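Okay, here's what each chain looks like letter by letter:
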Amino acid sequence: MSDAGTVLKSPLHSAHEKLNARLVEFAGWCMPVFYKSIIEEHHAVRKAAGLFDISHMGEFRVKGPGAAAWLNTLFTNDTRKLKPGGGQYTLMLREEDGGVIDDLIIYLLEPDHFYLVVNASMIGPDFEWLNAHKPEGITLTNESDETAAVALQGPVSVEIFKEAFPQATTIPTRNQIVNFTYEGQLAYAARTGYTGEDGLEIFVPVALGIHLWEHILKVGKDRGILPIGLGARDTLRLEACLPLNGHDLGPEITPLQAGLEKFVSFTKTESFIGKSSLEKEKTHLRRRSVAFTLTAGGPPPREHYEVLHDGKKIGEVSSGTQSPTLQKGIGMALVDPAVTAPGTNIEINVRGKNYPAVIQPKPLYKRP
Amino acid sequence: MNIPTELKYLESHEWIRIEGNIGTVGITEHAQSELSDVVFVDLPKVGKKLAAKDTAAVIESVKAASDIYSPVSGEVIEANKRLESEPALINTSSYGDGWLFKIKLSNPDEVGALKTADAYAALLKG
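Those protein sequence lines, which keep their order, are chains A and B.
Going by our numbering, 129 is the number at position 129 of the first sequence; the sequence numbering is gapless.
Going by our numbering, 77 is the number at position 77 of the second sequence; the sequence numbering is gapless.
Here chain B stands alone, though its shape is the one from the complex (with noise of 0.2 Å):
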């Protein structure tokens, strides 16, 4: 299963990519095979003021809705409008194409809290 270093990872299977104050948040490679096939996202609103593990969007799969959190808090600058027409893009380039949104950070000193990719890669192997 692919982990990338430079990512920032939560419990509940999100990926953070810190660029400067920029946070882009997707779904691990683990979360989209659990899922399946996605078929429908709802994604946050541009201008959103979201907490750390605010439910930020929902991902459809066929068989269930999943809540997705935002790994930190601050406010969404842009949404991955390409899922509207291609949802799937979550399931064939999960870490790529397939991110959900941007959030401007508000609080940088939350991505201290968040996990490693060992750390994440030691809460898959349980």
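With the rest of the complex left out, here is chain A (with noise of 0.2 Å):
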């Protein structure tokens, strides 16, 4: 942190200092990696409610005529499954080989007019990426820096909101987008997150962020929640087996590797970019993204650990961490397409000595 200069700032920065967060590089931006422990705040967002800054990611709009059928050739799902209000999940890729340049939400705001959330570490390629391939008539404004936001997560989550946000007249449902009004100024709130969890994410106007930061904290109080840093949201989203660009998705890891083929419309109108290369390789997948867990104790599973099959390596952890929850090492792994089987046993070597793992089904946590 002693390179301040060239590190980014949260708006919510004085907030976190206030909470005495301990502060990380992350993705080129100061952000808090926890407030007290990540174990108690991945409890609090499982059992009541959390509330992560997520100022960093980066806020896109796309308007005008034809552009739900330009982005349908810059995504891999398909943006015509939207009405008005919904939101997906979908994927950027390159063209040479189908490997992710970034994963996304776009919501579909009215007719021709999404908001795209993305990424913080890819908001300058991903402008780039949109902006060479735009066509006439089609604008696109990059609102990353006028733009606070927040994610609310947990199964209290929406009773907070509901009582934060009394002016907010609809509750968005799963992976919906609605717009109210906040402090007299346009505001988002979608029920989408990255923990597994029921919540929203709302967007505010930057000048506004420390406002709703302290709003929704003092009004779930009494529900239990607290501030949650980075670490519990990478304890959080690992569980749910959702995906970290950079770590389980990147340039050289494409969706049917990472198993996201759901999100993938080989049959949609529009060709998109990278597709002729998914088609090729759904015959002949190199690798394939399971989840797994350490069979007794033993250390975290971390990136780039090799796992082994039968004495043989099959693959390497993309990510992994202690898991909270089922209180022991989990993961997940790009290996050998063959061995991906749930109930498969592997093992993970960890400096040197191997320990025992099982592959499981994703996710490693579904909420009840």
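None of these hints come from the bench; they were simulated from the model.
Keep in mind the model is a prediction, meaning the values are calculated, not measured.
Certain hints may be false.
Below, a list of computed lysine to aspartate or glutamate pairs in the EDC-like style, where the Cα atoms sit at most 20 Å apart [as the list claims (entries may be wrong)]:
id: 1; chain 1: A; residue 1: LYS313; chain 2: A; residue 2: GLU303
id: 2; chain 1: A; residue 1: LYS328; chain 2: B; residue 2: GLU84
id: 3; chain 1: B; residue 1: LYS125; chain 2: A; residue 2: GLU17
Using the hints, build the complex out of the two chains.
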């Protein structure tokens, strides 16, 4: 953090400092990794509610006649499945091999008017990519610097949302987005998240960020809400087997390897960038993502640890951690597609020692 | 931040308690608070010979694995087996039940090169 000059600060930075957050650099941003304890914060989200600063993520707006058709040529999912107010997870690929540039959520606000939420580290590259492919008549704007965003997640998050924002008369259903007025300004609330719990992601003009953060924490206090850092964000998303770009996804990893084919439409009208590579790959998949748990106690699996089966290397861990819910080591790994059946015994090599593990169905955690 | 005066320190946040020619080693309260929840500890084997600043143990928090260095040279004579089932003792009792290992010093002169509590406190203040 000594390099403060080159690291971006969230609009909620002073609120994190006030809460004595432990700050780290993540994707070029100075962000809280935890406030008190990753494990405590994790359980708060599973049992009650947690509030995450996600202002580092990027927001783009795409508008104009033919926007839905154009985005269908760039993203894997089918924008025509969306009704106004709907959202979908989708992926943006390279042409040459179908490797993932970024994974994102796109919302259809109204016909041919989209709101895109992209990964923090990819705001620049994504914007350039979209801009380079953009036809005449469509406007693309990067609203990332003007937007503060929080994720309110956990079983009581909707109750907190209703109490905190009585003016939002429509509560979005799963993957939907609604707009409402917050302090006289336009705000969005989407029923999405990255934790495996029910919850909302809320977007407001940057000047209202701290107000929004403090307002939700105050309203949620009696229901057990805690501010949550990136540490618990990672353990929560891993239990839910949600991929993290740069680890479980990336330019060398395709959606088929990652097991995300349900977000790839091979049948939509428009062809998308990377489609022919994926079609070729279908018949000879090089590796496939699996989830696993350590059988007994052991060190948390980490990225790049070797995965073995019958004494032979079959792949590598793409991300891993100690699961606070399951209280054991968990992870996802990219392995030989012949060795992916749940129940298969594998081993994870940690510092020269092999620890027994078992391939599990995804997700490792499903909310009750 | 608690920094007991009877202990000696490394700049990498290990402490050592010297009693005769035996040293007991752990990590400081500051170090455990930086790591947050400790979930696993790889302890050195009894009989292992270490040189000063050799990696002696690995502490895993939820977030990351951290190497722990031996403040002095010598032979490991005991490892804190309680940590295998209760690694969080490092968080709750970093100078007490959360100790890591005991080492028989082979070169007691090295102790003079370690940091005093005052010097370690000054290092934390930066």
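Hint check results:
1. For the hint linking A:LYS313 to A:GLU303, the alpha-carbon distance of about 15 Å falls within 20 Å, and the restraint holds.
2. The suggested pairing of A:LYS328 with B:GLU84 holds, with an alpha-carbon distance near 13 Å, which does not exceed 20 Å.
3. This hinted pair checks out: B:LYS125 and A:GLU17 have alpha carbons roughly 18 Å apart, not beyond 20 Å.
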